[in-house]
Each structure stands twice: as structure tokens, then as C-alpha cells.
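Take these sequences, add in the hints, and give me the full structure.
Protein chains in written order, with the numbering used here: chain A, 278 to 524; chain B, -14 to 357.
Honestly, the hints are just simulated from the structure, not real lab data. Remember, predicted model here, so these are calculated numbers, not experimental data. Using N, Cα and C, we set each Cβ at its ideal position, and we do this for glycine too. Any given hint might turn out to be false.
Pairwise CB distance ranges (calculated) [what the hints assert, rightly or not]:
#: 1; chain 1: A; residue 1: 390; chain 2: B; residue 2: 251; range: 30 to 38 Å
#: 2; chain 1: A; residue 1: 416; chain 2: B; residue 2: 305; range: 50 to 58 Å
#: 3; chain 1: A; residue 1: 339; chain 2: B; residue 2: 302; range: 53 to 61 Å
In case you want the letters, here they are:
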Amino acid sequence: MGKEKVISANELTKKFGDFTAVDKISFEVEKGEIFGFLGANGAGKTTAMRMLCGLSLPTSGLATVAGYDVYKQNELIKKSIGYMSQKFSLYEDLTVRENIRFYAGIYGLSDKQIKEKTALLAKQLSLEGEEKTLVKSLPLGWKQKLAFSIAIVHDPAIVFLDEPTGGVDPITRREFWSLIYEASERGITIFVTTHYMDEAEYCNRVSIMVDGRIDALDSPANLMKNFSANSMDEVFLQLARKAVRSE
Amino acid sequence: MRVLKFLLQKEFRQILRDPSIFRILFIAPMIQLLILPLAADYQIKNINLAVVDHDHTQYSQKLIHKIIASGYFKLKDYSATFPQALHSIESDKADLILEISAQFERKLVKESKADLFIAANAINGIKAGLGSAYIQQIIQSYNAGVRTQWIQFPRFDPQPTIEVTYSDWFNPNMNYQYFMVPGILVMLLTIIGSNFAALNIVKEKELGTIEQINVSPIKKVYFILGKLIPFWLLALVVLTIGLTIARVAYGIVPVGHYITIYIFAAVYLLAVLGLGLLLSTYAQTQQQSFLVAFFITMIFNLMSGLFTPIESMPEWAQIITKFNPVSYFIEVMRMVILKGSGLADIKSQMLAILGFAVFFNGWAVLNYRKRS
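What follows is the structure, given as C-alpha cells:
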């Protein structure tokens, strides 16, 4: 694994009034890594991720993403990242092809590239023949896979995934993760939040957030060893029980 | 610029695919333009008249005939006493009472002076006011007729009164539709423009798709242009349909040029759409933005001079109308359609509306933030 850092955060903090959603988190993510970002609901995962994506302005602390500063170069960051939010965010009243075309277009792909990408994605997702189907009539699992593929349609350096597999059946989740692995092999760094502990075990390294702080950060194997646990589930429960704040 | 192409393509696809947008944009305005002007009639006809004639002479009969013959009044009640007539006003059968005193003919002939009494039901203020005015005119002309008849050998002109002759310029027949229809069209464009723009961005907020836009490198000016241009074009289509209806259904052909209307409308729509966009940058839900847009357009429309002349508003209200884009467009519509004004004549209105367009859109761009 390369030692190049694509994300580095130093005491990154976000406050909403008196409430500290993210409390001085520091971590680094290496190029090509699959980085799991775990935590209970309300632990501050989404807020942290939104700061890194340039959607939310940090209150204090430092962070760079793809070599750009989150305060001043947030528009440059946006060129180098893909983002898949918790809320499904493709246009349901557009077809599969139109969604691909739109998102590829706004990231500056040429017409030829768009055409190639469309064909490639249709094949990869077994959506051939469904290019003219409105996205709203696709099953949820397909929608999620399509959303992920579109989030990396411009081959970003990093892709941020916010609970990408929520509400999806186990088979589709497995297919989804094979897409993630493919992307990772292409050199795209994956930053993913999840509630599923089996998914956490797929990650190279995992951080666990409790009450806005990162309480643990290591590879799944090391975490299990350090917490003398048999599974990530146990690690997570041990940490999450300490949480004082709820949603 | 290429980004804008993709944004426009997406917006048009979504608009054309949504049947409700089409219905609201085209069918609703047509129906409104065909129905509203018929209802918003400033002429008062069918004023119900109750007459109390204590005189019962040839002269009083002549007067009553003259009033009814004018076409504005209907004789609803012919009572013997005033209280009886008053009862028909109370039961809403009559709008106006004309009481002719018992000595009417005698006084008129001998003393050349007689009294009449008019009582109006002012629950409907416009009907009462106009009804009284009409009836006074008729009585005056009746009076003049009587005087000419009775003073046989005049040494001077028997009518020392100053007679006023009217000539209504630009709308010689005082056809109220000529100024109502263009006004209603302006009102429709305003409602459609501001509401659609306001709802559209907020809808993306509700769906969460705006997040995906915000995380992309799209420049916010392009994003706002991508929202503005499609509705701007659609509103111009609505204007075209409206002007066609005005021409076909009401025979309204502008004395001036259509192109003058379009040039002004093009700038005006930028202002109205800008207002909608501005609202959408503040609102979080479609309900919020719809209610605020509704509130603002209602005030704009009521204070636009469409229903009541701006000149007769209190001074503070007149100042407020200076900040009302609708009043400028209604003024321009009437100037171009009735008077034949050209671009040079509407320069001041054009500048004002340009100011609104820059103000609303500038504020919208500033307030739309990709980062919270």
C-alpha cells in the first residue's frame, strides 16, 4: 500500500451553537485504502464527512483532501471527489442513461467519454436494455449500485459513501461491495460509513466515532485483538456503550 | 458553458416529462384569461331601483321613464311610502331609492325648483357610488330638458350652465376589457414565474438531489441560470398564448408593437423569476416557499393598479407601489396596447424593472450557498 496521504484531518471540529457535533478528530487516509468510518447514529459521522467534501465549513481544525485545503480550496476538492449521500440522490424522473449523462456532463466528461461510460456501466451493472428506464422504476438495490457508479463516473481520487447500503438486501450488499473493491483496485480511495459490522471487516482500516470523537482507529484485525473481541460487533458495542449522547 | 448545456438539458427533460407542469402552465392561464375578464367588469349594470313617487304626475313619470331607458337601472319596486322602499333595500331587492316629493311638478313649473331624494345601499360601495352618479347625470339632463321647454323666449341662453363634453382618448369606447385583459395576463405571468422558480429549487432540496449538485464543481451562477432559463422561456410561451387569446377572444390588437411588449416582458420575467429563486434559497420546504410566494404575489397584484388606480391610493401606498414590479408591467402593457408607446416611451419603467432583475437575481446568487 502506498504511503501517500489523500485525506488528513487535524483536530477537525464542527459546532452547531453549543453542540459540538465533531470534536477535534485527527486521522489520515492513504491512497487506495478502503477506510471505514463507523459510529452510532448521531456520533457525527455525516457531519465529519460533509466537512471533508466541502459541503460544511469546519468550526476549527485543519484538513486537506486530495491535497487541497477544506477552507479555501473546497471547489477544487469537489473536482477530485465523488459523493454518495444517505438520501438517494439520482433524478428519479430521468432515465438511467440521462442520469449518467447529466452527472458525467457536469464533471466535464466529453461526449465520447460519456458514451463509453454509459455502455460500460450498463454492462457492469447488468442494466443493458434498461438504459431508457426511469430511475424511479428500478428496484432499490439497483438504484444504489447505479448511484455509486455515477458517483465515481469521473474517476475521482476519493469517493465518500454515506451509509450506501442502508435498506438493501444481503445479496445486493455483497454485489455493492464487489463494486467498491473494483473501484479500489482502480486506485480510487474509498471513505465509507456503515452500520453493518460485517462490512466493517471488509475495510482496510476502521475508525469508530463516539460522541463526536474518534475512539479507535486501526485495522479490523488489530481492533479485535486490542479489544479482545471475536468480532467487530463486540468491538463496536464495547465502544458505543460509552456514548453519553443519543440522537 | 458546457455545464450549462447539461443543466438545461436535464431541466427541460424534467419539465416536459411532468404532466402537471404542463397543465398548470398552459391550461390554467387560458381558462383564467377567458373567465376573469368577464367577471372583473367595472361597468355597473342592472342597478335595482326602488321608486317612491308621491307626485304621480306626467313629469314624475317622464323622469322615471328616462332613468329606466338609460339601460343601467331596473325598476324593482314602486312603493307608496319611503319605509316600504327601505324595506326592499333591507331585503336586498333594491340598491337605490329615488323619492319624488309630492309637490314635484308644481314646484318645478311654478318655482322652477324641485326636490328629489336618493338613498343608496352602500353595502356594495362601488354599486352605490356609481349608481348615484349615473342617476344624477340623468336627472341633470332631464332638468335641462325641462328648462329649455319652459323658458320660451330666452333673452339669454336659458342654460347658463357650463357643459362638459368628454372625449376618452386611447380607449374611446371605454372598453374595460382593453385594460383588464392585459393586466390579468401580467398577473398570471407573475404568479407562474415566481411560484415555479421558487418551487423548483426547493424540490431539489427536499429530494436531496441538490446535495449532489453542491458536492460537484458546478459554479452556482450556472446552476441558477440552468433553473432560470427554462422557466423564462416557458413564461414567454404563456405570454404568447395570453396575447393570442386577447386578440382572438377580446379583439385586443396593440396599437404599439408586440416586440415592445416582448422586450419588456423578457426583462420583467427575469425579475419575477429572480424573486422566486431568492425565496427558494431561503425556504426549506415547498410549502414554505409556496406560501411566501403566494403572500408576496397577492400584495403585488392587489397593489399593482390593476383593480384600483394607483393615483387614488394613499400616499404611503403609492410609495410602496414604486417597489412593485407588477405595477410597472401593467402600466407598460396599457401604454403599448392602448397608446402605442414604443421603447423610448417606456424607458423609465424599463430601467426600474432592470433594477429589480439585478437586485433579486444578485441576492439569490449571493444567498445560494453550496456550503453550510
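Hints versus structure:
1. A/390 x B/251: 30 to 38 Å: For residue 251 of chain B against residue 390 of chain A, whose Cβ atoms are near 36 Å apart, the range 30 to 38 Å holds.
2. A/416 x B/305: 50 to 58 Å: Cβ of residue 416 of chain A to Cβ of residue 305 of chain B: about 55 Å, so the range 50 to 58 Å holds.
3. A/339 x B/302: 53 to 61 Å: holds, 56 Å
Checked against the numbered hints given earlier, this structure breaks none of them.
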